[in-house]
Structure formats: C-alpha cells, structure tokens
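Sequences listed follow chains A and B, in order. The C-terminal position of the first sequence is numbered 495 in my numbering, with every residue numbered one higher than the one before it. The C-terminal position of the second sequence is numbered 443 in my numbering, with every residue numbered one higher than the one before it.
The set of hints was computed from the structure by calculation and includes no laboratory data. Careful, some of the hints might be misleading.
[What the hints assert, rightly or not] According to the in silico footprint, chain B covers these stretches of chain A (three or more CB under 8 Å from chain B):
| hint | region |
| --- | --- |
| 1 | 345-355 |
| 2 | 487-493 |
[Said to hold, decoys possible] Sample of chain B residues lacking proximity to chain A, with all beta carbon distances greater than 10 Å (derived):
| hint | residue |
| --- | --- |
| 3 | M303 |
| 4 | P330 |
| 5 | L347 |
| 6 | A348 |
| 7 | G351 |
| 8 | L352 |
| 9 | L354 |
| 10 | A355 |
| 11 | H378 |
| 12 | T401 |
| 13 | L418 |
| 14 | L421 |
| 15 | L433 |
By construction, the Cβ of each residue, glycine as well, lies at the ideal position given by its N, Cα and C atoms.
Okay, here's what each chain looks like letter by letter:
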Amino acid sequence: MTAVLSAPGFALLSRPHPLLLRLTLLVALAALPLMVAYGLDDRLFQGDNVWLKPLKFHLALTVYTGTLALFATLLPEGTFASRRWTIYIGVVAACIVAELLWIGGAAALGTASHFNQTGVWAAIYGLMGAAAVTLTSLSMVMGLVFWRHRVDPLMLAVALGLVLTFVLTVPVAGTMSSGPGHFVGTPVTGARFPLMGWSLEVGDLRLPHFLATHAMHVVPLAGLTGSRATVWATATGFTALVLWCFARALMGLPPF
Amino acid sequence: MSPDQLFQIANPLALLGWLALLAAPLAPRAAQWVAGAAVPLLLSLAYAGLVLAFWWDAPGGFGSLPEVQALFTHPHIALAGWLHYLAFDLFLGAWEVRTARAEGIPHWAVVPCLVLTFLFGPAGLLAFAILRFTLVRKILP
Numbered sequence: 240m241t242a243v244l245s246a247p248g249f250a251l252l253s254r255p256h257p258l259l260l261r262l263t264l265l266v267a268l269a270a271l272p273l274m275v276a277y278g279l280d281d282r283l284f285q286g287d288n289v290w291l292k293p294l295k296f297h298l299a300l301t302v303y304t305g306t307l308a309l310f311a312t313l314l315p316e317g318t319f320a321s322r323r324w325t326i327y328i329g330v331v332a333a334c335i336v337a338e339l340l341w342i343g344g345a346a347a348l349g350t351a352s353h354f355n356q357t358g359v360w361a362a363i364y365g366l367m368g369a370a371a372v373t374l375t376s377l378s379m380v381m382g383l384v385f386w387r388h389r390v391d392p393l394m395l396a397v398a399l400g401l402v403l404t405f406v407l408t409v410p411v412a413g414t415m416s417s418g419p420g421h422f423v424g425t426p427v428t429g430a431r432f433p434l435m436g437w438s439l440e441v442g443d444l445r446l447p448h449f450l451a452t453h454a455m456h457v458v459p460l461a462g463l464t465g466s467r468a469t470v471w472a473t474a475t476g477f478t479a480l481v482l483w484c485f486a487r488a489l490m491g492l493p494p495f
Numbered sequence: 303m304s305p306d307q308l309f310q311i312a313n314p315l316a317l318l319g320w321l322a323l324l325a326a327p328l329a330p331r332a333a334q335w336v337a338g339a340a341v342p343l344l345l346s347l348a349y350a351g352l353v354l355a356f357w358w359d360a361p362g363g364f365g366s367l368p369e370v371q372a373l374f375t376h377p378h379i380a381l382a383g384w385l386h387y388l389a390f391d392l393f394l395g396a397w398e399v400r401t402a403r404a405e406g407i408p409h410w411a412v413v414p415c416l417v418l419t420f421l422f423g424p425a426g427l428l429a430f431a432i433l434r435f436t437l438v439r440k441i442l443p
C-alpha cells in the first residue's frame, strides 16, 4: 500500500472540496430515516421494498460526490474555490437534493419516480432528467480541469475516468429514460443478478449505466500504475465493455 | 417490528433521558448529550421512518378534530405521534436544564418542571416559564 501511495506524482495538495464534502455527508445522513422506513415498510415496488431504490440513489450519490470531493485533493488548494465554481457546484447540489426528494417522495407514496407518465409526475420526470444531466456534468467539467495536468499519468487517468463517466452515462441513461422502463424484453422467471438486481434473462439497461458511471473509479485505479499506456488501455477497454453491455442490453440480451 | 414492540423500546429509552436530566448536576455535559441529543434524535429517526413508511396509509388529517382522531386510529401513526411526544418533551426538558444552569436557577427548583414536562409536556413548559420569569425576569430563549 505504501509503495502505491508513494508512486510518482501522487500527492495530496489540498483538503477535500468543502462543499462537496458537506453534500456527501448530507446525502449519507439523510439515508438514515430511509433505512428505518425500509425496515418497517412491507410495500413492494416491482418486487423490491419501496425504499430500496431511494437507498440505492443515496448510496450512489454519496459515492459520486465523495469521490469528486476526494479527487479535488489532487489539485492545488483553491482550484475549485472561485465564485463560478461555487455557483456551479451549488446548482449541482440542488439537482442532487431535488433528485433524492423526488425519488424518496415517490417511494413514500408507493408510486414510480422514473418512467412515471401520470399527471404531474410526468412533468417532474422530464425536469429530473435535466437535473440528472446537470449533476453528472460536474464529473466532465472537473475532468477537463484534470486534463490540463495530464502530463502526470494519475491526473490523465482521473481526467479520462471523469470525462468517460459523463460521456458514457448520458447516452446510456438517456436511452434508458426515454424508453418504457429499464428492461428490454419481458422477464419471465425473474432471475436476477445477486445484490445488484439486474435481470439475468432479458436486456437490463441499468448494468451499462452502472458501469458507465463507475468509469471515474475504474480508470483512475489504472493511473496508480504510473503507466500512461496502461491508463489509455484501461480507458479504451472499459469504454468497449460499457458499449458491449449497452449493445447486449439494447438487443434484449442479458450480459452473460 | 410491530408498533407495540417499538413502543416497548421507546419508553425506557426516553426514561433513560429523563433520568439523565434529573442527575444533570453530576454530569451536565453527559446529561445534555443523552437527553438533548442522542435520545431525542434516535426517537426522531424512528419517527421519520414511521412517517415515511406509513403516512400514505393514514386515515384522517389535520383539518378537524375528528380527522386528527382518525389519524390516531392507525397503530403506526399513533406510535409516531407518541414518539413525537417523547422526543420533543425530552428535548424541551434538556433545554430547561441547560437554561436553568446558564441563568443560575437551582436544579432542585427545575425538577418539578421536569416532572411536569415529562408527564404533561406543555404544562411543564408553562411551569418552567413562570419559574424563570419570577427568578430572572426572562421569557425568550
């Protein structure tokens, strides 16, 4: 571990981004009452406890903003401290809170959040799509800042990971959200991937969405090798994996 | 967990907070941590979970007394209402102890207010307000 941490170019130059760190804490702590509700509520939505989806989103967004807050430590103090950055990150924070209120609110009422085409829910669904793209754009915009430091293999890896998260997630999630649901095909047996819940019998667009969004975690790991070739190979290979899973899902096929 | 089981856990938990307040002069900071933060927040967490999980199913509403009465016919919502009492009364008790300490009101004089707050919430608030006004001429927090 020590050897990895002392690899060339790996230095913490600043504290975690304060606004993103607070947002991470807020999203994580706000999951606590949802966990209690999960334990008390017997209602199911599409076969799962109604509170499973909000909890997944709290976890995912905690990881997302937490990762961005920590990546900021690799750049000099004050890189993201300007007024423009603060406003932008504030807008992203508002989008994240709005998404979670929407998803949690729909769960409380036992109705669908995504894909809900009834009345006012349909209008909110459209708005939340815009909010989702906005909150994901932060990875891209931060990625472009890291791109300026790409002489360092780790910075290159973080830049590619962050940019890929946006570039791959938006088309996959956009395709999924404009369809009737996350499945392509109709499950018969209900066989599912353990823990993650993706279908093992029909196409499930949540898998490529998951992989696409985690480019920001997978590609930076390759940067720890200190080899630019490994970073580029990982970025290319991971992109191919996402596109392959995306194509399989669109064809209505499970990934394996 | 059934509403009755939760009720059986919540009551001793709140009682623990009240005992901490009674013994507050021995360990003022610990008493505030228990009665002013830990126990009320734990009760609040359970309350929030109950409301998230069962509000959709609750009859009645806030618009009239019969509506409020109907609300409390739902066991989980009635339990939530009870936790509301427990959490807020205890939080208020902690505030009374804190305020009395800061303003030099002797603890033995606050104890009857704590008993009243524990049993009859707002009556305890009123008693403490009167005590405080007579001793230090203050009402506002």
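Please confirm whether B:G351 is truly not at the interface, meaning its C-beta sits more than 10 Å away from all C-beta atoms of chain A.
Non-interface label fails for B:G351: nearest chain A Cβ at 3 Å, not farther than 10 Å.
Status of B:T401, Cβ more than 10 Å from any chain A Cβ:
holds (28 Å)
Confirm or reject: B:L433 is not an interface residue toward chain A, with every Cβ-Cβ distance exceeding 10 Å.
holds (36 Å)
Cut-off 8 Å, C-beta pairs, minimum 3 residues; does the coverage of the region 345-355 of chain A by chain B stand?
Three-residue rule met by the region 345-355 of chain A, so holds; n is 4.
Does B:A355 sit more than 10 Å from chain A, CB to CB?
Contrary to the label, B:A355 does not stay out of reach of chain A, its closest Cβ about 4 Å off (not over 10 Å).
Chain A versus B:L347 - minimum CB to CB distance exceeding 10 Å, so not interface
At roughly 6 Å from the nearest Cβ of chain A, B:L347 sits no farther out than 10 Å, so the non-interface label is violated.
Report holds or violated for chain B covering the region 487-493 of chain A, Cβ cut-off 8 Å, minimum 3 residues.
Violated, because only 0 residues of the region 487-493 of chain A bring their Cβ atoms closer than 8 Å to Cβ atoms of chain B.
Consistency of the no-contact label for B:L352, given chain A and a CB cut of 10 Å:
The claim is violated: B:L352 sits with its nearest Cβ about 6 Å from chain A, within 10 Å.
Assertion that B:L418 lies outside the chain A interface [Cβ separation over 10 Å]:
holds (30 Å)
Verify that the Cβ of B:P330 lies farther than 10 Å from every Cβ atom of chain A, and report whether the claim holds or is violated.
holds (27 Å)
Taking the minimum C-beta separation from B:M303 to chain A, is that value above 10 Å?
Not fine: 7 Å to the nearest Cβ puts B:M303 too close to chain A.
B:A348: least C-beta distance to chain A exceeds 10 Å?
violated (6 Å)
In summary, the numbered hints that this structure violates are 2, 3, 5, 6, 7, 8, 9, 10 and 11.
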